[in-house]
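Student: Each chain, letter by letter, is given below.
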Amino acid sequence: MTSILLNALQYLGYILIFPGFLFCFVCGMLLCGIDRKLVARMQKRVGPPILQPFYDFFKLCGKETIIPDAASRTTFLAAPLVGLAALVVIQLFVPIHGFSAFYGMADVIVILYLLLIPALASILGAAASGSPYAGIGLSREMVTIISCELPLVLILLAIAKTVGNALGTGLCFSLSAIADYQLVHGSLITKARMIPAAIAMLLVIPGETGNHPFDAAEAETEICEGMLAEYSGGPLAVFKLSHAVKMLTLTSLFVALFLGGVGTGITAVDGVVVFILCVIVTAVSISFVHAVTARLKIEQIFKYYWTVVSGLALVSLVLAWYGL
Amino acid sequence: MFKKLIEESTAKSPWLFHINSGSCNGCDIELVAILTPRYDVERLGFKLAGSPRQADIVVVTGPITKQSLPRVLRSISQVPEPRCIVTMGSCPQSGNVFKGSYSVAGPLSKYVHVDVDIAGCAPKPEAIIDGLALATQILKEKRGQM
Amino acid sequence: MSMLNYHHFPIYSIMVLFFGAFLIAAIGGRDIAKNRKTTGVRAFIPLLATAASLAFLIALIKPVMLGGEVIAYWMGSRGISNGYAIGIALEVDALSLFFALLIATALFVSAVYSIKYMEHDDNIGQYYILYCMLGGGVLGLVLSGDIFNMFIMVEILTFAAVALTAFRTKVYGALEAAFKYLVVGCMGSTLILTGVIMLYAQYHTLNLAQLAALIPGTMNNATKLAFALLYIGFSTKAFIVPFHPLAADAHGAAPASISVLISGVLTKSGIYGIIRLTYFLFQTMELGAMQFMLVFVGSVSMFVCVTMALAQHDFKRLLAFHSISQIGYVLAAVGLSTALGISAGLYHAMNHTLFKGLLFLAAGAVLHETGTTDLGKLGGLSKKMPHTTVLFLIGAFSISGVPPFNGFASKWMIYQATYQKAVETGNIGFLLVTIIALITSVLTLASFVKVSQSVFFGQLPAEYENVKEVPFGMRLAMGILAVLCVITGLVPQLVTRYLTEPAARAVFRVGDYISSMGFASQTPAPAVSFAQVGVWEPISWLLILCIALLAVTIVAVAGKYDRVSVRSSETVDTKYQLFYGGEDNFHSQVGGGDLFWGFKHNWRHYFSFMHDLHSGIVNDYALWAVVALALSIVFVMIVL
Amino acid sequence: MDFPFVREAVVKLFSKPSTQLYPAVPSEAAPGYRGKIVFHPETCINCGMCERVCAGGAISTTVEKTEEGDKITRTFDLGSCTFCNTCADFCSRHSIELTRDYHMIGVEEGDLLVSGTFIKAPPKRPAPKPAPTPKPVEEKKADTPAPAPEN
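Chains as they are written, first to last, in the working numbering: chain A, 8 to 331; chain B, 2 to 147; chain C, 144 to 783; chain D, 10 to 160.
What the hints contain is simulated information worked out from the structure, not anything from laboratory work.
Heads up, a few of these hints could be off.
[As the list claims (entries may be wrong)] Short derived list, chain C residues pointing at chain B, Cβ under 10 Å: (1) Glu567; (2) Thr568; (3) Ser708; (4) Thr717; (5) Phe722.
Nothing here was measured: the structure is a model prediction, and the numbers come from that model.
Backbone N, C-alpha and C fix where the C-beta goes; we use that ideal spot for every residue, glycine too.
Required output: the full structure, derived from the provided sequences and hints.
Tutor: Structure below.
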């Protein structure tokens, strides 16, 4: 009885503290702050303090939450919470150097689909707000999701094939197995055939998180923050937090898929190591791309992802398929 | 504890919403200038918001023409509390050289309570930073009274 | 045998529907006076009949699905004489029963829905007569053990479906749609009849089991031609490419309760026919070329139809194209010829019946209340019809494959099956199918985002200010399907173990099918494996999500998240208006057919090509049918 | 597709930012900057030229009769001023000066007003003069307060 209780407590701890909610909150926000700082420095600015996202979050918590007359209240309020919870759950499945809180419960294809839920939550929240700006925003967000889907699918299939070939099972969808494989054989990024896929993944991350220059869905200067046009106060804070957590999730997914095998085996230390790797990935894929580009139009985003990025991923997939 | 935290955060993360009510663009350019690398108010937590729902400080420029008056007032009313209204440049404070024109409905203080006036035509970016810093303090006080 | 022996149940389940049709006709098929009493009785008879039919079939789960028995039932006393089957037979294996269960469920739910949905229509008696005929026809098709009876049933269901498509003659395009359906449907039926005649001429029997025992190994050109004819004939019933435009027209014009049957029942009967044809009668699925044919047609169907759906601006037409797209998934998975693939395909077929039924019923609810299904005219109904919105969203999430709903469970099995097949055969073509399936899935999501934004969210047009929630009976029907969608998504292991795996196993046990009818069979049942590489535990995931959601909500509520300001008085307060860049609010709904222009812009050449291709002229579609027939004859002649 | 700022971004990441840390480090306006108005009432002769040339109507004058003479208060409303320097240019006595001080923030009413008061004694009247010269008359006209702009 007590062991069941302890187990339950342990899992609750996983969900609430590490690598769940609290970890996501702190690390995601830090990542977001570091990203803003880095972008500022690349633009020769001082930039906001690293803790700025925390200030933003708490300030928004203290603001009034206005629900417009045209909005569908329940969906409007519930959408951000569902999106955040779904993101936290994805983070639970991403292994941290061999440690995964919930082993063998979801594989890469499932993760691909789970990533749709937060996006879908924000889309439905935007739809429920009734604003035409949000309508345009959600249309763009959906197109961005479609754009990112093809390269992401190709990348994941390439990884599944590569790891599966090496393990002799033919294909391997399990995230934990991919992580374990890298513990033994070294990071996937060291394999020449996976480098195009890794580059493609780096380019997919800002699209998935909706960062500059792929932020047509939330373009604050053109369509008044797009999907978030009617959100204020607490729900907006949760959306901003979701965005930060999404950055953490995707970068740590990149770390788990391509940079696995770096770590010590002590979970606490690995958490820090993974976070540092996440910061590096963020610096390269989010901050750097942000600093050197201007916002793309939505049809450009689509074209870019389905030609350049998908092409890179396809190269990897074909190389992996023929075992080159 | 959280109340204190929220108050502190309110002062450190004011988001601006800019309304141009018939301005000559001088002030608008100066407002953008404070976001440039040279002045970079993002280091103080300022950010331009795209929608009044997300703003804390409303910056109004221009002499409040009759056409823009209902739109300005509607946008201001859509900003959630606590909010702070800042007029920038001489126009929204008095009408400046447009004073007495048939198409000018200003000054803004006739319609809403204005918290901070930043004088200048157009104000120097440093002056804007001064004024906005003052506005954040007012914002913090308002948050404390909520 | 006593009357309650379960061997009688298949014929009961068919006859009860035909008897219901007869009974309604006996009461009086035509409304001379608007007699409420007989109207109620007429609505009640099909309800009872479909419920009884479903009950009989559910009673068969234990012996057939779990026990693995194949029920061979001879009508009358005639059976096999001189080694030839001369009697009329029913033969129910797990595959037949699986499809029959789907069909009976859809029939029952649609009957529940019809009570309220059809109450304002004229000639309800005729509607219900045709309804029962359609149901009996489809059930007869899937339970029949006799290829000529399959043809008879195809005829019954086609004509019932054509008549029901045109039932609302006042609806614009209903007669035209029915005419198109009639023309191409009759072509299909004729092809099936021709195929049956050719087989009979060759083998002197019509019994499926006997044909299955005789045909493999003795194929000549006439048999091959018969195969091609039957294949195209059943394709027209399943509406797969190139017969998809018919479905769109028929769905758009038919009442929603009939759309449920067309998409959930008729297309399944076509798929059933194709499976019977390829796996049982001709046993050709060992051939890579046949696998290629089904997988290719399936992939083309799923992709072409999903893009066609993205371009639609009518709710029901959009659903119609999705229907074919999902059938494409089923066909592609079934065509893999692996145990996992067939299991996944059947699972998806089941899910398709459930969620597409739900979506059509939701579309019907919208039509019932607002009188239109034009995406450009609707909007903001979620405030007026909250229950319908929730039910629609469950259906939309299911079809888009959002975890943990059922569409995800089956699609995910399909991805694994295709990828596994690709790895096993080393054929990169199957990998392409996986990719197409994944992309189709996200495009499906996109078009349902479009529907939810255009119909249920966004802004409410002034003319729908007085719209009310649909009656309870309609919501009940949708609720049943929604609950089934959630359950089948949450327990994929149970569904596969008790429903789809027995059915998939039956596909490989052709020998049992033949021998239980009393014929000698040489085909040993191969060992099949349903092993999956992926892992997905929806219940655990849902549990974690719930805990996380609860935690987030508690923190949020503690942080005064719920202290929101909502306008209290009736007066207009600008604070609670939408932000329109400062303008006063006016009706501005973003939605309709062109929502994803960023996507469409890049594909404009493709879309304009498709637009030109789908001319809407029945002659063109008949020509497509002829071309498809010619191609498949050539293909079959070459590869078989 | 080309990215002209790739090199720039990498170099700048490791170099010192060019931001002026304004509130912490005070900053001075450039020479010639026209900022806050300073009024020297002691040199003013109340000729009224400034008020006449002011486009924004920012200058107002009030006159109060006292025993010593007219107590004249000249008020500059910075909230209505265009900082064009015309008043200073036209001031023959250099009583108006636009400084380089740009800190002009108003929170309460009156924060943005600059005013100066002086007493203008009537000119010592030589005992009997036949008639008043036209000049003082004009001056008196100018003295009448223009309708002060509402603030």
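Student: For each hint given before, does the structure comply? Return the numbers of the non-compliant ones in rising order.
Tutor: Violated: hints 1, 2.
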